[in-house]
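Number of protein chains: 2
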Amino acid sequence: MSSLEPVFVSLKTAQAVLALQNRQQKDDALRGAASAINAARVEILAANRADLEKARANGMKEALIDRLLLNDKRIDGIIEGIETVIRQEDPIGKVKAGWTLPNGLFIEQTTVPMGVAAIIYESRPNVTADAFSLAYKAGCAILLRGSSAALESNRAIVKAIKQGLADGGGIPDALALADSGSRNEVDEILSARGFIDVVLPRGGRELIRRVVDNARVPVIETGEGNCHIYVEPDADPVNAVDIIENAKLQKPGACNAVETLLVKSPALPRIMPLLAQRLAGKAELRCDERSRAAIGEPPPGLVLKDAVEEDWETEFLDYILAVKTVDSLKEAIDHINRYGTKHSEAILTNNHRHAQVFSEQVDAACVYVNASTRFTDGGEFGFGAELGISTQKFHARGPMGLEALTTIKYLISGTGQTRE
Amino acid sequence: MSSLEPVFVSLKTAQAVLALQNRQQKDDALRGAASAINAARVEILAANRADLEKARANGMKEALIDRLLLNDKRIDGIIEGIETVIRQEDPIGKVKAGWTLPNGLFIEQTTVPMGVAAIIYESRPNVTADAFSLAYKAGCAILLRGSSAALESNRAIVKAIKQGLADGGGIPDALALADSGSRNEVDEILSARGFIDVVLPRGGRELIRRVVDNARVPVIETGEGNCHIYVEPDADPVNAVDIIENAKLQKPGACNAVETLLVKSPALPRIMPLLAQRLAGKAELRCDERSRAAIGEPPPGLVLKDAVEEDWETEFLDYILAVKTVDSLKEAIDHINRYGTKHSEAILTNNHRHAQVFSEQVDAACVYVNASTRFTDGGEFGFGAELGISTQKFHARGPMGLEALTTIKYLISGTGQTRE
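Protein sequence lines, in the order shown, are assigned to chains A and B. Using this note's numbering, you'd call the opening residue of the first sequence number 9 and step up by one each time. Using this note's numbering, you'd call the opening residue of the second sequence number 9 and step up by one each time.
Among these hints, one or two may not hold up.
Identical chains blur together in the list; that is why a pair holds if it fits in one copy or across any two.
[Said to hold, decoys possible] Once the Cα atoms are required to be at most 27 Å apart in a straight line, the calculated DSS-like pairs of lysine-lysine come out as: (1) K20 / K338; (2) K338 / K102; (3) K167 / K81; (4) K81 / K259; (5) K62 / K81; (6) K290 / K313.
Just so you know, the hints here were simulated from the structure itself, not pulled from any lab data.
Given only the sequences and the hints, what does the whole structure look like? Please build it.
Quick look at the structure:
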């Protein structure tokens with residue numbers, strides 16, 4: 009007997025009702041949720057302090073403590089996320105295509121909710137509210153399976169949301185927290201065929217691999233980003249170094265941070281000395297022979313190593329940048345298509361034709377011309393909250409907002425037609 | 009060592025080239041394929057005769073022999089299918105959405121090919137050409153794994169297509185037949201992560217279950233259709249019986265054939281006697297008590313049985329129709345959402361509000377108002393050939409044409425933007 013089965017049934021029942029709500033009803037309910045989170049600040053912050061104390065007692069690293077931490081500003085961010093979702097168009101009931109057959113049958117392809125989603129995530133409690141609000145707006149019920157480290161915070165947020173949904177005339181049973189803390193819960197979710205229509209793993213590589221390998225329900229794979237920036241000689245060198253610095257240093261632990269820089273050989277003298285100066289004391293460079301030589305005398309504080317094959321394959325998620333010299337656009341594209349994870353890839357160039365070829369031939373969710381890879385993000389793209397960044401090609405690709413939680417239905421109306 | 013690995017590599021390499029071809033190039037290649045099939049009629053029919061002889065010698069049933077059979081008319085149909093695909097718009101390079109961020113970054117969501125598809129199918133040799141032509145137009149390479157019964161026919165068709173692609177300036181390596189006949193081949197395809205981007209099983213329930221349960225690459229589930237027609241009292245009775253007869257008798261083995269008729273109680277006297285007359289000698293009725301009583305004296309030749317619970321769950325794929333009386337629209341919708349396979353469901357009514365409620369609340373790929381369920385078909389929908397009918401909600405739903413073989417890519421162009 010599955011311990012989560014009553015929860016699955018309750019979510020499925022709630023989703024059938026939510027699927028029929030119009031935008032006004034869904035937005036009113038979301039406004040209720042945002043107000044209730046605002047009103048429950050004291051309780052949410054107290055719950056978060058309890059999680060933080062426990063985490064510190066268990067020796068959690070400070071970087072992870074920071075992910076877990078809530079404060080008034082972060083609660084403002086959670087509320088702003090819900091408000092952005094409220095402002096989005098309703099993704100449901102859109103006619104994507106429509107046509108009439110020769111026999112007069114009229115066919116419409118319309119968007120409908122995917123159904124019941126589950127999200128399995130790590131410590132950040134804001135994901136709880138983000139994922140809920142996107143799911144609710146898309147007419148989907150959602151099962152939230154956060155990390156045990158954030159359990160009290162998540163309970164307080166979910167309690168506030170349910171209260172707010174009730175206040176706003178919404179459907180409180182459209183979300184549920186899987187909060188027994190047992191690892192077995194994850195297995196139950198991954199095999200809940202007929203109950204869970206999609207599972208979204210959001211977190212580190214180990215979590216995602218475990219979900220992808222074990223799921224018997226549809227999964228959207230997220231996260232892994234071995235991203236590249238390729239620089240051509242006619243790119244403005246200062247702007248190029250600005251972009252590389254931004255893509256590497258602004259948040260090195262993010263999946264859209266750059267990991268390997270590819271420099272077309274004639275650009276080496278324009279780029280490498282400037283880049284070495286800029287990153288000295290901030291990030292380690294792992295260079296191939298030609299790019300290392302182009303630096304000349306290393307500036308004080310620069311950590312400089314020789315790149316090895318493994319560096320091209322590694323998502324460092326750290327203050328480390330691998331640098332490789334290429335002799336052609338084709339060599340750059342081949343390197344990216346071989347070592348990349350199809351996440352975010354950039355070319356810095358003023359050559360229009362090269363920008364086009366790179367955009368066409370690089371196989372990735374997001375291909376940038378003359379911009380930092382760090383923009384691959386639902387918030388930056390204007391989706392409000394995000395469900396994660398899909399690195400697969402099936403069903404959803406790139407930053408996932410409301411659309412990822414929809415599917416289609418064909419509505420066919422006739423006047424008595426039969427098939428010949 | 010995988011015996012199919014060289015084939016996977018060759019398909020992947022060919023796909024990278026095909027992905028960059030424009031519509032003109034793809035259509036020219038498809039025209040070459042259609043001409044070559046036309047020119048190879050003698051060889052294809054000879055190969056088909058060899059398959060048929062072997063099948064008869066192995067005691068294959070006549071219904072299955074008919075599926076395997078090719079003749080000039082069926083080859084005309086194969087060619088016409090390719091020509092219809094040629095007439096379709098190119099599904100690749102469409103900008104589905106585009107917007108500019110406040111910082112000036114311009115984002116476009118464009119369609120790109122899914123990559124390498126594999127289709128695992130049973131005996132019908134026309135699927136070979138249908139699946140190839142859709143894949144090619146969508147910029148996808150395709151691995152064809154037909155049944156061993158159709159091996160010689162498929163070899164002859166694939167040989168002609170490859171010749172035609174060469175003649176038309178296309179890419180012959182964009183298709184391959186997995187023709188060792190070993191069952192192990194299917195397992196290799198199902199675990200070819202990194203090589204195969206999507207697997208389409210097309211055939212009976214056993215084949216589909218085997219693929220869905222074992223695949224480690226994305227699968228689109230197809231086929232199972234426990235379809236319903238629900239009749240209200242204000243539907244025209246003669247037209248209603250025309251539609252029911254069409255949906256049951258025109259091709260009972262098809263997944264879009266009706267299996268259970270739901271009759272709202274006041275409609276029983278208008279529908280049941282007429283239906284009993286119409287189906288007498290043609291199909292068996294399995295009725296609940298009230299619908300059986302409404303028939304009165306059974307007409308000569310009518311096979312009439314009492315329905316049992318199992319009948320509501322069964323996709324008969326045969327000349328059998330289950331009939332159940334319901335007392336409300338809600339009861340009909342609940343029955344369908346409980347027993348249906350989310351394939352094709354129809355309401356026959358003149359009540360506008362009821363048609364709307366049924367369309368909204370029935371969870372199925374295709375919902376019909378006043379028409380036969382038999383129209384759920386890529387050809388009927390105007391897609392040209394079809395890859396199958398998806399009964400899942402993830403990635404593709406309903407009859408699958410070109411769109412099911414596409415995914416998206418975000419192209420982001422900037423003028424040096426970095427993230428704040």
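*asked:* Output the indices of the hints that this structure fails to meet, ascending.
replied: none
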